[in-house]
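Got chain A; can you put chain B on it based on the hints?
What follows is the residue order along each chain.
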Amino acid sequence: MNSYLYDGTAEGLLSAISFILDTDAHPEEAVLAVREDTLFEEGAMVPTDAERASEFFLRLRHDAPEAARTLFTFLLAEKKGMEGSLVCYLMLSLQSGADVNAFLTDPSVKDIVATAKKTSRELHRMKGLLRFEKLRDGAYLARMEPESNILQPLAYYFSRRLKAEDWFIYDAGRRTAARWHQRELRFGAIEEFTNPPHSEDEMKVQALWKVFFSSIAIADRKDSRLQKSNMPMKYWKYLVEKPGE
Amino acid sequence: MDTLSKLRILSGAARYDAMCASSGSRRNGASSGTANANASSGGICHGWSDDGRCISLLKILLSNDCSYDCAYCVKCRSSQVERVSFIPVEVVSLTLDFYRRNYIEGLFLSSAVLGSPYSAFISVNDDSRLPAQPTPPLLREHRLLSPPSEPRQLVLPGLSPMPA
Chain A
1 MNSYLYDGTA EGLLSAISFI LDTDAHPEEA VLAVREDTLF EEGAMVPTDA ERASEFFLRL
61 RHDAPEAART LFTFLLAEKK GMEGSLVCYL MLSLQSGADV NAFLTDPSVK DIVATAKKTS
121 RELHRMKGLL RFEKLRDGAY LARMEPESNI LQPLAYYFSR RLKAEDWFIY DAGRRTAARW
181 HQRELRFGAI EEFTNPPHSE DEMKVQALWK VFFSSIAIAD RKDSRLQKSN MPMKYWKYLV
241 EKPGE
Chain B
1 MDTLSKLRIL SGAARYDAMC ASSGSRRNGA SSGTANANAS SGGICHGWSD DGRCISLLKI
61 LLSNDCSYDC AYCVKCRSSQ VERVSFIPVE VVSLTLDFYR RNYIEGLFLS SAVLGSPYSA
121 FISVNDDSRL PAQPTPPLLR EHRLLSPPSE PRQLVLPGLS PMPA
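Quick mapping for you: the protein sequence lines, in order, are chains A and B. Reminder that position 169 of the first sequence reads as 169 in full-length UniProt numbering, one-by-one numbering, no gaps. Reminder that position 93 of the second sequence reads as 93 in full-length UniProt numbering, one-by-one numbering, no gaps.
Isolated chain B (complex conformation):
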């Protein structure tokens, strides 16, 4: 499936928690490199969607292919929705292409649980599939690139147990 169709599904899946805030983050632009952000600490809105909410960050899911079966979630395993996943290089080039055109302040990436919480981190951290480009600002900031030191199974209240 091409990036465009994936983006349609995976941004649509994130629309209910599209958050507006880019405020409060402070970072100085690196002297070289691509996404050398200099965030305005007051936050910047880059547009307002048709429902009137501010768009500041590229809000997408890495994947909606979830192995949990939470009763409250539209993306749960037993739900009949189309399943897609970005590969990391697609997320990176989307973010950088949008950032350079001043569409967004940065990336806010969430994901369904692909297999286990740990394996979702692995897929983001798979450098071999990334082009030789610096890390997009928000990815680095939220430390999504450093996986937990050892695989740990997270059991949160309200989540159904993971399949074996």
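Isolated chain A (complex conformation):
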């Protein structure tokens, strides 16, 4: 059993996995972890090699396209401590090609697929639950705090849906933002975020939405358990109709 370390980035992770699969005789037993600043390091540091990482990803996309998609979604989850499962999953993907996600009895496949699924569920939910506010300069701003780092695929989705508007999506937890301006999508980090002023009619429209939301519900059939299971309370913070709850 060999131990390896990487720098914590996605590129470093893929470089290390590619290295392990190429050189280690028993990759399924390899231990891979992020390098911490401790006195005694356990394991060999695998240097990050962007070229190697992208070569590996292209090979995976060619040999097992579904596994490449799963890997991408899995990386968005930013889960630490699952490197071992990922090594086994990717080894299996390259051996068996397209069907790897069907091997759910394999614990590593189950772990990776379940985590990726959780992320894609959150992405799908945010496509509906993201709320834009109109700002004084006519642009729109949406704030969110998702568990996974879904900003990038979410912004691509809205670049098709709200093509003619200018907008920002701000991930308050990670302090990253996407900006769609003049048909161009950009990503960046935001040091300090201050709430920009709303447009004049913003509060009026929000009031209209709240009225619609409350009067479309059938009072006799109130079911907050069902509501919360479909729309978990962790997303309520930025909802116009359920603010601060």
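Read the hints as simulated data drawn from the structure, not as lab findings. Ideal placement from N, C-alpha and C gives every residue a C-beta, glycine not left out. Some hints here could point you the wrong way.
Reference excerpt, derived from the structure (chain A facing chain B, CB under 8 Å, subset only) [what the hints assert, rightly or not]:
| hint | residue |
| --- | --- |
| 1 | Gly128 |
| 2 | Arg136 |
| 3 | Tyr140 |
| 4 | Glu165 |
| 5 | His181 |
| 6 | Val205 |
| 7 | Phe212 |
For each label pair, taking beta carbons as the anchor points, the in silico distance ranges come out as [to be verified]:
| hint | chain 1 | residue 1 | chain 2 | residue 2 | range |
| --- | --- | --- | --- | --- | --- |
| 8 | B | Val89 | A | Phe193 | 30 to 40 Å |
| 9 | A | Arg183 | B | Val74 | 41 to 51 Å |
| 10 | B | Glu82 | A | Glu192 | 46 to 56 Å |
| 11 | A | Thr176 | B | Cys73 | 46 to 56 Å |
| 12 | B | Val89 | A | Arg175 | 39 to 49 Å |
Below, chain B alone, put in the same frame as chain A:
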């Protein structure tokens, strides 16, 4: 009456047939224009109301001022409910304002029978009262903007005859 009070009455009147589906529709966003939807063919839920049902479309009535007197309907002519009607421009700006803020996927518009089925179509089709904006996606999709080529009186089983 202001839009807010109208919305309260006309969305409340539609609450029993608030349908959740926006799935199955496919359209590509136009390169310009406002409501250039790119619907997800799997459908998107934008919220869940207090009774737990999914809200995907803005479900409202254009009017609850009905000229029929159907025994089963709460909005029938002889019923004592407050009567209101949206003017088209109100429906258009509601839909676009909600769409741009990602509250809804589109509009699902129904109406009581204002005079005759034909005149309800006329009122939706009255372009002169619409602002210079593109048609909201679902209005166009369900062809509510093209009225029947000639006035036809629809007599459906179960509906009381229209007043003269």
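Quick check on Glu165 (chain A) please, does its C-beta sit within 8 Å of some C-beta on chain B? Nearest chain B Cβ about 6 Å off; hint holds.
Would the hint on Arg136 (chain A) stand, with a C-beta cut-off of 8 Å toward chain B? violated, 15 Å
Val89 (chain B) paired with Arg175 (chain A), Cβ distance criterion 39 to 49 Å: holds, 41 Å
Does the nearest C-beta of chain B fall within a distance shorter than 8 Å of the C-beta of Val205 (chain A)? With a closest approach of 5 Å, the Val205 (chain A) hint holds.
Hint status (Cβ of Tyr140 (chain A) to nearest Cβ of chain B, threshold 8 Å): Status holds, d = 7 Å.
With 30 to 40 Å as the target window, see if Val89 (chain B) and Phe193 (chain A) comply at their CB atoms. Cβ of Val89 (chain B) to Cβ of Phe193 (chain A): about 36 Å, so the range 30 to 40 Å holds.
Quick one: are Arg183 (chain A) and Val74 (chain B) within 41 to 51 Å, going by C-beta? Check passed, 48 Å falls within 41 to 51 Å.
Quick one: are Thr176 (chain A) and Cys73 (chain B) within 46 to 56 Å, going by C-beta? holds, 52 Å
Per the hint of 46 to 56 Å, is the separation of the Cβ atoms of Glu82 (chain B) and Glu192 (chain A) within bounds? holds, 50 Å
Can you verify the interface hint for His181 (chain A): is its Cβ closer than 8 Å to any Cβ in chain B? violated, 16 Å
May I ask you to test the interface hint for Gly128 (chain A) with respect to chain B, counting a Cβ-Cβ separation under 8 Å as satisfied? holds, 4 Å
Checking hints one by one. Is Phe212 (chain A) an interface residue toward chain B, by the C-beta closer than 8 Å rule? Interface hint status for Phe212 (chain A): holds (5 Å vs cutoff 8 Å).
Figure legend: structure checked against the earlier numbered hints; hints not met, in rising order: 2, 5.
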